[in-house]
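Chains F and R supply the protein sequences, listed in that same order.
Numbering follows the working numbering, with no gaps: position 316 of the first sequence is 304.
Numbering follows the working numbering, with no gaps: position 41 of the second sequence is 29.
Derived from the structure by calculation, the hints contain no laboratory data.
Don't take each hint at face value.
A pair holds if it fits inside one copy or across any two, identical chains being indistinguishable in the list.
[Stated by the list, open to error] Dumping the calculated EDC-like pairs for lysine to aspartate or glutamate here, alpha-carbon to alpha-carbon at most 20 angstroms: (1) Lys201 x Glu388; (2) Lys316 x Glu381; (3) Lys322 x Glu(-5); (4) Lys362 x Glu131; (5) Lys129 x Glu8; (6) Lys256 x Glu381; (7) Lys201 x Asp312; (8) Lys256 x Glu8; (9) Lys298 x Glu91; (10) Lys136 x Asp339.
Keep in mind the model is a prediction, meaning the values are calculated, not measured.
2 protein chains.
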Amino acid sequence: MDRIMKERTSVGTARKIFLEAIQPLQRTERMEIAGCVGRVLSTSILASRNVPHYRRSAMDGFAVRSADITGASPTNPVMLQVADSIEEGSCVQVSTGAYVPEEADAVLMLEDTISIGDMIEVRAQVHPGKNVGETGEDVRKGEIIFNKGHLLRPCDIAVMASLGIREVTVHSKPIVAIIPTGNDLVPLQDTGLPPAGRTLDINSLMIGLYVTKWGAVPRYSEIVPENRDLIRKAISRYLDADLIVISGGTSVGEKDYVPDVLASMGKKLVHGVGLSPGKPTALGVIANVPVLCMPGYPAAGLVALFAFGKPAVLKAGNVPGTADIIVKARLTGKITSREGYVSYARVILEDDGMSFLARPLMTAGAGILSSIAKSGGFVIVPENVEGYEEGNEVDVVLIE
Amino acid sequence: MDRIMKERTSVGTARKIFLEAIQPLQRTERMEIAGCVGRVLSTSILASRNVPHYRRSAMDGFAVRSADITGASPTNPVMLQVADSIEEGSCVQVSTGAYVPEEADAVLMLEDTISIGDMIEVRAQVHPGKNVGETGEDVRKGEIIFNKGHLLRPCDIAVMASLGIREVTVHSKPIVAIIPTGNDLVPLQDTGLPPAGRTLDINSLMIGLYVTKWGAVPRYSEIVPENRDLIRKAISRYLDADLIVISGGTSVGEKDYVPDVLASMGKKLVHGVGLSPGKPTALGVIANVPVLCMPGYPAAGLVALFAFGKPAVLKAGNVPGTADIIVKARLTGKITSREGYVSYARVILEDDGMSFLARPLMTAGAGILSSIAKSGGFVIVPENVEGYEEGNEVDVVLIE
């Protein structure tokens, strides 16, 4: 009976303890800007030139010396010669964005003129500076345009391109080692139906695809049998990774050696979390490498991965936290939750044309795969809430 | 004066007209599942096997014949022999997920037993079927597991892997041709500061990176001068694309030929939209290929790309619409908008620890690059709203 896992750390505390054990990566790399969408700047970016780098016209019209047309109006028009350069009484036609000649101090809008041969009749006056964008008006040379730590969007890359920047230094992606454990696991590569009692290792692929999405590089281990020495050896092989995710072997069955190995090789920070499903999650550090031991059951593993793996990967990768996509939906049925546990209730999202409905999935166990396939999101029920009633409006976190 | 663009279609109507002209792609391709995150299924997926494909234990414990332990309790325990197979009076130890032998009809929890040598003292009875997952309980062979049109998430790929599926058929990615126009544009590849009056073509890269993000494949054209014939020729070269985005040449300046060419080669659906910035946007169809002509000014082009390019790419690619990421924020200043226009006001998002603040950016013109770099999102002001006051809570759509 002493093998029953009695300890239980709250999700919030467990996450805090785990994240404190994770250092953002120091490694950086130099990359061409076009490949940097989703990457994070490791240095601030200064503007190496003024934008605009010349005085530019803000309108389609004529570059003029404002003094030449003082007092012009529809009833008192002034005639100007359209020319290639500016002298007293002449003007230069410009389109929006064009260079405004040195000698001009304003741009007259096309709409305020009437074209007569190579002359224009000017029907409005302009103030000096009108419709002229000064050099450096948008971005001044030397100005910080992006701060260190900025997550690069396509539009940011366009902004950098406009400054003549071709390469930037970004934080390297964390390496995440993925170690599946279990005597009954079969590699995904094996063809045919696994023998009774044996299941395909789908967690490695699932973890690998998610950490890739979150900006890391997965490194896949072979399946490790439930044997202390072999688990120890497998972990040792991956201590050059930035994060280790071990799948399986964390509940209280006879062969659940992983948390023990974690404790013997390093520091076991947490074992047993107020998370449903996902209670058997263990967290620790070995030789400065954070280790997440998540339950082997896919649905529970997925919840542990979202609750602990995602913030860990983002912190290691220096990626600023991004908001989850949340939609408001009305429950079509009751959601109950275990007191003292943060419960991730899977729901089917339906759009009734006006608003979203969230249909709770009957999830008989943590291993129910079809519930993942069907569910659009999680309703996350906090520890201190008993559940929600049919008809309640709830936040549904979309499963990414 | 007749060149002034008077026509103005509302954003909603313009988008509807444009999307009606777009057919979702029929092309499909066969891919290995591991590469299918973000891809869309073009056929429904049926389960080719039962999950589980054997009767499996839902707990760590002992597979038993329930009749053998009828009436067992702490005060009236029953002894069972732990063996390798089930006969009357014997049981088989099983861990969660393990095969439950044919002869057993229930699994007794480990916690309800005391181990005594190779015997166990059973302190609870179980009903037939207890803690046994029946074959096909999770997914039944032949059942539809994902519908046609489903956008694949990493967890879905894991579910497919568990069914022994290695390849699926997905919709092909739309090809988006990107044609920059303008006499004053300089290719991004050119080194050094462009001459006065000339600007780098950053829109092509910006459009290319965004359409890639939305699931398309960009094809880049060279810069096309503002000449009807050359624009016509450039468009003709890309009529095998699924969508054409032309940047620049849509306002009312003397050299804005693109909408005219659009009308002469096909059908101009819309020219002039109630969108600020982004009014000069034109939409049309040439030889069944939808064409988006967006303003050349990056900030206005970006807004037109979000308002029209994104839904177009998603529809062509059969990608189900995904919700924008929206955060609630309190305005630190007033936002004014033009009546009759949907205004995209750029804001800086600041987190004051408790909530978000949205600081409106002073955007003197549509071409202001730095405003893109600084802004975290848009406050989208509908046509019928005059603007928002300091202190108002607003929805900020994060710029992706």
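Verification of the hints:
Taking the shortest Cα distances, Lys201 and Glu388 sit within 20 angstroms of each other both inside one copy (9 angstroms) and across copies (15 angstroms). Taking CA atoms no more than 20 angstroms apart as the test, Lys316 paired with Glu381 passes in both settings, with 7 angstroms inside one copy and 17 angstroms between copies. With identical chains, the CA atoms of Lys322 and Glu(-5) are never at most 20 angstroms apart, being 29 angstroms at best within one copy and 52 angstroms at best between copies. For the homomeric pair Lys362 and Glu131, the shortest alpha-carbon distance between copies (12 angstroms) is at most 20 angstroms, but the shortest distance inside one copy (50 angstroms) is not.
Taking the shortest Cα distances, Lys129 and Glu8 never come within 20 angstroms of each other, neither inside one copy (39 angstroms) nor across copies (46 angstroms). With identical chains, the CA atoms of Lys256 and Glu381 are never at most 20 angstroms apart, being 39 angstroms at best within one copy and 44 angstroms at best between copies. For the homomeric pair Lys201 and Asp312, the shortest alpha-carbon distances inside one copy (14 angstroms) and between copies (18 angstroms) are both at most 20 angstroms. In this assembly of identical chains, the alpha carbons of Lys256 and Glu8 lie at most 20 angstroms apart only when taken from the same copy (14 angstroms versus 58 angstroms across copies).
For the homomeric pair Lys298 and Glu91, neither the shortest alpha-carbon distance inside one copy (59 angstroms) nor that between copies (44 angstroms) is at most 20 angstroms. In the homo-oligomer, the alpha carbons of Lys136 and Asp339 lie at most 20 angstroms apart only across protomers (17 angstroms), although the nearest pairing inside one protomer, at 41 angstroms, exceeds that limit.
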